[in-house]
Amino acid sequence: MRGQEAREQAGRKALMATLAHAEADEIARLWNEAGLPSEAELLRGPETGLVTVRGRIGGGGAPFNVGEATVTRATVRLHSGQVGHSYALGRDKDKA
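Start counting the sequence shown at 0; every next residue gets the next number (numbering that gives the first Met the number 0).
In case anyone wonders, no lab produced these hints; they're calculated from the structure. As the structure is a prediction and not an experimental result, all values here were calculated from the model. Heads up, the beta-carbon is just placed ideally off N, CA and C, and yes, glycines get one too.
Quick list of the computed label-pair ranges, beta carbon to beta carbon:
hint, residue 1, residue 2, range
1, T17, F63, 29 to 35 Å
2, R76, T47, 18 to 24 Å
3, A19, V82, 17 to 23 Å
Construct the complete structure from the given sequences, taking the supplied hints into account.
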């Protein structure tokens with residue numbers, strides 16, 4: 000991966016980590032304060048379901064199924080045509 004691509008990916012990763020740890024009302028408040036457009040076409044969901052959580056013994060051993068976790072997902076299309084997908088841990092449909 001080139002230097003510029005690596006920096007862009009690191010920036011997206013940091014942004015996604017921040018959003019993952021934020022509450023839905025906090026995201027909405029900051030979004031509105033920034034003056035960003037909030038209109039989007041809902042393409043799918045939000046819908047809640049289960050995903051399998053996998054682990055590795057000692058962090059590097061053979062993979063095994065730990066259990067299941069509840070997630071909520073949604074897909075939207077912005078006016079610019081960009082499509083975004085969201086998976087949020089838990090049942091918070093507003094956050095997804």
